[in-house]
Every structure is written in C-alpha cells, then in structure tokens.
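Visitor: One letter stands for each residue in the lines below.
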Amino acid sequence: MINKTIGSAKEAVADIFDGATVMISGFGEAGSPIELIHALIDHGAKNLTVVSNNTGSGHVGLAALIANRQVKKMICSFPRTANSKVFPELYHNGEIELELVPQGTLAERIRAGGAGIPAFFTPASVNTPLAEGKETRVFNGLTYVMEYGIRADFSLVKCKAADRYGNLLYNKTARNFGPIMCTAANTTIVQAREILNLGGIDPEVVVTPGIFVQRVVHVPNPADESKLVAEDRRYPW
Amino acid sequence: MVENNATIGWEMNEVAQKVAMDIPDGSYVNLGIGIPELVAGYVPEGREVIYHTENGLLGMGPVPAAGEEDPELINAGKKCVTAIPGACFFHHADSFTMIRGGHIDYCVLGALQVSEKGDLANWSTGDAKAIPAVGGAMDLVAGVKNVFVISQHNTKTGEAKIVKKCTYPLTGKGVVTRIYTNLAIIDVKPYGLFIRELAPGVTFEILQEKTEAKLYKTEN
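These protein sequences, in sequence, are chains Z and B.
According to this note's numbering, the residues represented by the first sequence are 1 to 237, in order.
According to this note's numbering, the residues represented by the second sequence are 238 to 457, in order.
Don't take each hint at face value.
[As the list claims (entries may be wrong)] Coverage of chain Z stretches by chain B, computed from C-beta distances (three or more under 8 Å per stretch; other residues unrestricted): (1) 83-92; (2) 116-130.
[Claimed, not checked] Listed below are the simulated BS3-like cross-link pairs for lysine-lysine, each with C-alpha atoms no more than 30 Å apart in a straight line: (3) B/Lys401 <-> Z/Lys134; (4) B/Lys401 <-> Z/Lys85; (5) B/Lys316 <-> Z/Lys73; (6) Z/Lys85 <-> B/Lys316; (7) B/Lys401 <-> B/Lys354; (8) B/Lys454 <-> B/Lys426; (9) Z/Lys73 <-> B/Lys366; (10) B/Lys316 <-> Z/Lys160; (11) B/Lys402 <-> Z/Lys134; (12) Z/Lys85 <-> B/Lys393; (13) Z/Lys172 <-> B/Lys426; (14) Z/Lys172 <-> B/Lys382; (15) Z/Lys4 <-> Z/Lys172.
These are computed hints drawn from the structure, not numbers from a lab.
All C-beta atoms, glycine included, are put in the ideal place defined by N, C-alpha and C.
Isolated chain Z (complex conformation) (with noise of 0.2 Å):
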C-alpha cells in the first residue's frame, strides 16, 4: 500500500541533513510552509543552502529558520521586502551568501533540475551584471546566457489538499513555486490543508502528480504570517 501521508511536521523534516540543499515554496507567505519551516527549526539541520523566492518577513517562518543561523546560502530572486529584517542585517555584516537570480530564470533552473535537464539558455539578464562571468551563445543573432538547472535533496510546500498517493491541489496564488520544486527535489514533503481521500480529487484537475511527493503532512490551519508578523512573534515561541 501506498501511503505518503506521515503523522507530524517533526518526523516528515527528521532527516533533513547539514548542509542540505532546501527549496521552500512561497511567494511571500503566500505558499509559504511555515509549519515545516518551523519543524526545521526545532530540528535543527546548519549549513543550509535554501532556494526561495524572498528571505522572509519578521522574525517567523523562513526569516526565522536565517535568523537560527541555519542558512549558509539563500539562491533567490527578491531578499528584501517590507518586513524583511533578518536577512538584511545578516547579508550587511557578510554572515550570508546571496546567489541572486531573475525570478523567470529562478523558476526555469527549478523546472529544469526537476525534468533532467542540466543547462539552458535565455535572454533574461544579457548584459547586466547578473550574467557577467556566464558562457554565452548566439541563436538566430540574438545573445543568450547559460544558466544551470537546480536540483535540491529536500523540498518543503504548501498546498490545499493532498491525498495518500501525493496528489496536490493548490489555493490561489499560494500555487507560486510550490508544483515545480515538487518535482526539483530527492524528497518532497507537503503540508496540506486537508487530505482527501483517493479520487476525491478529480484527475483532471490535479495540479502536482503524487510521483513528484514523497511525505504529506496534515496541517489543517496554518499560521497567518503576516498576522504573527504583526504582533512580532518570534519562533521558536
């Protein structure tokens, strides 16, 4: 019998190692798996080198597992936003490495390392500073630059609803990054608002295919992190 769903965010991160390469989805906290991200805390794999689209807000979720000094390297797109501050100060005083990336081009790494495919080209930051030092080919007269494909051991994402076999349905824009990074990792492991059961999900409506998920954790109301945000929560509690 196949059955991905596991009892706590605790057990499904229990083997996250040091020096993993983490994908987190979220576009902001839209997606964002905070209780997972929290579960990493507590866990507390170092050296990490993290794919996510911003750095965090306040001092919760993903600005919170920086800010527990796990994170050795952040690949992504947009670090600052209006409540980011753990970061910041972090990358002033160089206790953290910054990859930045165009998001276009963050995703297509993603979907790449998750459908075997090593390198790609595109014209998305051709002379601009984030393509100095890159290989370069001419197609049809036009430059393109060689970015590589991104593959993770872990991947953490949220979603709506799961079933036992791992297939996911998303909520809105909280879809974002999640369905690529399901496929971009050795272990994906979801927290889903709800689980249903087989074929309560319509096949035609499937957003991610179970093959891409490997753990499902049910957490049927996550945080708000703009609202812990806002009263200055700070985790671990």
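Based on the hints, put chain B in the right spot on chain Z.
Guide: Positioned in the frame of chain Z, the structure of chain B alone reads:
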C-alpha cells in the same frame, strides 16, 4: 497649462491614462509595482484588457473591499488583489513561459534611467550597501513584446532619467519601446528618441533641457 516650470506637464494619473489609451483591446498586460499600477484604472470603455501578475494569476482584478482580503490572493507587489471571472492561476514556470515565451503583449515598468538606445535600468543603483533584488524585471524586458516605461521625467533632485548611456546596472539592453513621463511621450526608435506628444506648457526646448539624451521632433 502653467508657465512656471515647476508645475508644467501632466499629473502621473494623466500619464497613466495616456498609457491606457495606447493599449489595444484584447491585450495581455503586465503592470510593474507602483506608478504602473495606476494604468489599470484608465482602461477606456469598451476595451477588455487582461492583467497578468507574475506570481501566478491571469485575470487580476482590483483591490478587494475591506475585510475581503485573502493573503493567498496577491499580486507581484505582495498586495491583496481579486481575480476576475475567467481568471486562472498557474505556477511560476508557466507564468514565466507567458513572459519569456513572448505571450504577454505589453508591460509597463518604472525606471531609474532609460538610454537613447532603449536600455533600461530599474532594479539597482549599484550601491554596494543596498541589498540587491531583481524580481521579474529582467525576464519581463527580455520577453514581453512591447516594454513601456512610465516615470517622472527627472529625479527628485532634477537630474535627467533619459540619458545617453545608463550609469546604473542594466535591467536589459535595447528593450524599451516607448517612454511616458510627466512632460512628454517619447518613442524609442533605432535611430533615436522621437517626441510623440508634449505635455501642456512643455516646448521642445524645455524638454531637451531636462533630457540628457538628444531628442528629435517626430518626422512626418
């Protein structure tokens, strides 16, 4: 309208309206964060324009009523929005396939500098102390069919933003097709910057004085 240089020209709302007038019926459009968002308020009666937001929504609607906000329904600026009937959600690789695959007709972006060759600098001043952040800007200018810039003509301290050569790090080279400012609308052509429309009270001479790059009167 007024002789005083400080008050000549259009308000940014009027500039946004000018942009909206130039976007044809049926277009798929991506609006940058900030001033470009004003454009959505001025779509002329009878035109249907579909807004793309790169975090994963086609068919973005206006800001929700107070109390109706959903933190999982946001735009690229991470502000709560709505979805129109007929909207769809998708993941980031699909969203940037729309952008880089040339499926989006227009994007409207802000600018720090635009050069006479249509080079755009809008993501960084190169300040070593600032946290570099790029988002989707480089992807948009690389893939969208028409890249419009909407901006004040000069910086707050009066410096030219339309320059011979950008001094800030580029977002893209030769990508801007038209510039809308509080003083004029300017087309970027292979052989130079051509004035399409002057704002009330603005003469060619006044505009050239406030612009580092050489301007041309539109040829007939």
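Visitor: Has the given pair, B/Lys402 with Z/Lys134, been kept, meaning a C-alpha gap of at most 30 Å?
Guide: Holds, because 23 Å separates the two Cα atoms, which is no more than 30 Å.
Visitor: Tell me if the straight-line CA distance from B/Lys316 to Z/Lys73 falls inside 30 Å.
Guide: 27 Å, holds
Visitor: For Z/Lys172 and B/Lys382, compute the direct alpha-carbon distance and say whether it is at most 30 Å.
Guide: Cα-Cα ~27 Å, so holds.
Visitor: Is the Cα-Cα distance between Z/Lys85 and B/Lys393 30 Å or less?
Guide: 27 Å, holds
Visitor: Z/Lys85 and B/Lys316: Cα distance at most 30 Å?
Guide: This hinted pair holds, its Cα atoms lying about 19 Å apart.
Visitor: When I compare C-beta atoms, does the region 116-130 of chain Z have three or more residues closer than 8 Å to chain B?
Guide: Holds, because 9 residues of the region 116-130 of chain Z bring their Cβ atoms closer than 8 Å to Cβ atoms of chain B.
Visitor: Does the structure keep Z/Lys73 and B/Lys366 at a Cα separation of 30 Å or less?
Guide: The given pair, whose Cα atoms are some 18 Å apart, holds under the 30 Å limit.
Visitor: With a cut-off of 8 Å between beta carbons, are at least three residues of the region 83-92 of chain Z near chain B?
Guide: Holds, because 4 residues of the region 83-92 of chain Z bring their Cβ atoms closer than 8 Å to Cβ atoms of chain B.
Visitor: B/Lys454 and B/Lys426: Cα distance at most 30 Å?
Guide: Distance ~12 Å between B/Lys454 and B/Lys426 Cα, so the pair holds.
Visitor: B/Lys401 and Z/Lys85: Cα distance at most 30 Å?
Guide: 37 Å, violated
Visitor: For a C-alpha distance cap of 30 Å, please report whether Z/Lys172 and B/Lys426 respect it.
Guide: Distance ~40 Å between Z/Lys172 and B/Lys426 Cα, so the pair is violated.
Visitor: Hinted pair, alpha-carbon criterion (30 Å max): Z/Lys4, Z/Lys172. Please report holds or violated.
Guide: At roughly 24 Å apart (the allowed maximum being 30 Å), Z/Lys172 and Z/Lys4 satisfy the hint.
Consistency note: the structure conflicts with the earlier hints numbered 4 and 13.
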